[in-house]
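Read in order, the letters of the sequence shown correspond to residues 1 to 477 in the UniProt record's numbering.
Hint data in this document are derived by calculation from the structure and do not stem from the laboratory. Take the hints with a grain of salt, since some may be wrong.
Think about it this way: if two alpha-carbon atoms lie no more than 27 Å apart in a straight line, the pair counts; the simulated DSSO-like pairs of lysine-lysine are [to be verified]:
1. K46 - K88
2. K153 - K109
3. K184 - K153
4. K109 - K50
5. K88 - K159
6. K153 - K429
7. K109 - K143
8. K109 - K159
9. K3 - K13
10. K9 - K88
11. K3 - K143
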Amino acid sequence: MDKVELMMKSMQKAFYHSSDFTIRQIDWRNRSSAILCFYASLVDAKEVQKILDTIYARLDTDKPFWSETLVSTIEHFSLPQAVERICKGETLLVLPDTGEMLSLTILNKVNRNPDEPNNEHILRGSHEGLIENLDTNLALLRKRINNPALVVKSFRLGKETNTRAYYLYMDGVIKPETLQELEKRLHAINIDYFYSIGQLNDVLEDSVLSPFPQVLNTERPDRVVANLVEGKVVVMTDTTPTALIAPVTFFSYYQSPDDYNARVLVGSFYRMVRLLSFISAVFLPAFYIAVISFHFEILPLELSNQVKGDVNQIPYRPLIEALILEIIMELIRESSIRLPQSVGQTIGIVGGLVIGDAIVSAGLVSNLMVIVVALTAISSYVVPSMELNTTIRLLRFPFMVLASLFGFFGIVIGVVILLIHLINLSSLKQPYFAPIIPFQPKEAYKVFIRSPYIKPTVQVTSFSPPKDDRVKNGDTP
Numbered sequence: 001m002d003k004v005e006l007m008m009k010s011m012q013k014a015f016y017h018s019s020d021f022t023i024r025q026i027d028w029r030n031r032s033s034a035i036l037c038f039y040a041s042l043v044d045a046k047e048v049q050k051i052l053d054t055i056y057a058r059l060d061t062d063k064p065f066w067s068e069t070l071v072s073t074i075e076h077f078s079l080p081q082a083v084e085r086i087c088k089g090e091t092l093l094v095l096p097d098t099g100e101m102l103s104l105t106i107l108n109k110v111n112r113n114p115d116e117p118n119n120e121h122i123l124r125g126s127h128e129g130l131i132e133n134l135d136t137n138l139a140l141l142r143k144r145i146n147n148p149a150l151v152v153k154s155f156r157l158g159k160e161t162n163t164r165a166y167y168l169y170m171d172g173v174i175k176p177e178t179l180q181e182l183e184k185r186l187h188a189i190n191i192d193y194f195y196s197i198g199q200l201n202d203v204l205e206d207s208v209l210s211p212f213p214q215v216l217n218t219e220r221p222d223r224v225v226a227n228l229v230e231g232k233v234v235v236m237t238d239t240t241p242t243a244l245i246a247p248v249t250f251f252s253y254y255q256s257p258d259d260y261n262a263r264v265l266v267g268s269f270y271r272m273v274r275l276l277s278f279i280s281a282v283f284l285p286a287f288y289i290a291v292i293s294f295h296f297e298i299l300p301l302e303l304s305n306q307v308k309g310d311v312n313q314i315p316y317r318p319l320i321e322a323l324i325l326e327i328i329m330e331l332i333r334e335s336s337i338r339l340p341q342s343v344g345q346t347i348g349i350v351g352g353l354v355i356g357d358a359i360v361s362a363g364l365v366s367n368l369m370v371i372v373v374a375l376t377a378i379s380s381y382v383v384p385s386m387e388l389n390t391t392i393r394l395l396r397f398p399f400m401v402l403a404s405l406f407g408f409f410g411i412v413i414g415v416v417i418l419l420i421h422l423i424n425l426s427s428l429k430q431p432y433f434a435p436i437i438p439f440q441p442k443e444a445y446k447v448f449i450r451s452p453y454i455k456p457t458v459q460v461t462s463f464s465p466p467k468d469d470r471v472k473n474g475d476t477p
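Go ahead and model the full structure; you've got the sequences and the hints to work with.
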């Protein structure tokens, strides 16, 4: 068995004889042979053939068969290096006689268009979205930030999967300690297989068991840019369109690009509506249970008589009544998400109407409870962030239990515990409840008001990065 056959067998063994691993012995000059190998699933075979025709044409001249270009390199052959390059999607041409290895980047990438993400619709502004390709995503960001201060650093995730990932930041704007904390966490990642953005999300969060998200997820390039120029860092991978942004505050999840594309008064109004929706989404069912169970006297006499007539027909406590409706709402929501879009919308509407009417007619819940749960559901869907939306839906259950046990006093206990948790929470070691605690008077009003762009001030942030006159105006959508 000659040297070429031995090398081919060793390479086939290294790739576990996979069906899509292509390896061929081709003729070379002076009656010698070369080895061509690549993954057929990652490489355009027609382009490979064009390269081979070019090489054969050069072999008939006195020129070298190839030279290094932007898409090719020539180096000494080593099996581990060859395996790594082929797994990246490159094509290898190996010369066993000389020990040379020509690697060619001829990728057959299949990517979708950067359309607007389905879970982050806006009325005005850019309708582009990130996709599952880092080069395209970086192009969308570079198009918006024409500045070399946008720094991109690469790293790998998973010893076996070897997934490409990047983190981005604006040099001179980001706080050095924030960047150091991020790099320390990324370097500490020690996993064999990376397959979900949730794995990276857990690494970046300060408190994984907290119900509140500490990393902002987005698929919008304009939202990524707005956070970059405010001194935050962005992490992206090559397998998902989701960008992870940190550090963030609780109020970051209530800001939307629509706030900044609309007029000041309109943007400010809807931002305050979203913040008020947090109160109604978390506390409205608990308030109803507390009133019915302990504090009936606070209701006006006419309303009290009406409510008593409805509640007396229910065979169990208000907590059970609320739990039944809340669980039904969660089931309808989950089913509408998992089913195809056209069917899911029908299930959501028809299921809500039919089940709501039937359960009231059966005397299992009161009409007022249906109204309370419906308002709660609508309030929770106002949040622009899906992560915080899930948190709100979970938080209402412990508050309902506390209200059922202790009435308004139980709600107050829950609020105190919630505030203590938010005050002690952090995102990349930065305060999560800023600028309320620690209180920053000059920044606190921007939680509720979308400030106009016309004021010529330096870009501000809750985390007070080093001032840089290159970055101007506004706060983050």
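Hint-by-hint comparison with the structure:
Proposed proximity of K46 and K88 is supported: the alpha carbons are some 19 Å apart, at most 27 Å. Distance restraint check for K153 and K109: the Cα-Cα separation of roughly 22 Å lies within the 27 Å cut-off, and the hinted pair is therefore satisfied. Distance check on the hinted pair: K184 and K153 sit about 14 Å apart at the alpha-carbon level, within 27 Å; holds. Pair hint K109 plus K50 holds up; C-alpha atoms about 18 Å apart against a cutoff of 27 Å.
Restraint check for K88 and K159: satisfied, since their Cα atoms lie roughly 14 Å apart, inside the 27 Å limit. For the given pair, K153 sits about 21 Å from K429 by alpha-carbon distance, which is consistent with the 27 Å threshold. In summary, the hint linking K109 to K143 is supported, as the alpha carbons are separated by about 21 Å, within the 27 Å threshold. This hinted pair checks out: K109 and K159 have alpha carbons roughly 23 Å apart, not beyond 27 Å.
This hinted pair checks out: K3 and K13 have alpha carbons roughly 15 Å apart, not beyond 27 Å. Between K9 and K88 the alpha-carbon distance is near 21 Å, which keeps this suggested pair within the 27 Å criterion. For the proposed pair K3 and K143, the alpha carbon gap of about 50 Å is over 27 Å, so the pair is violated.
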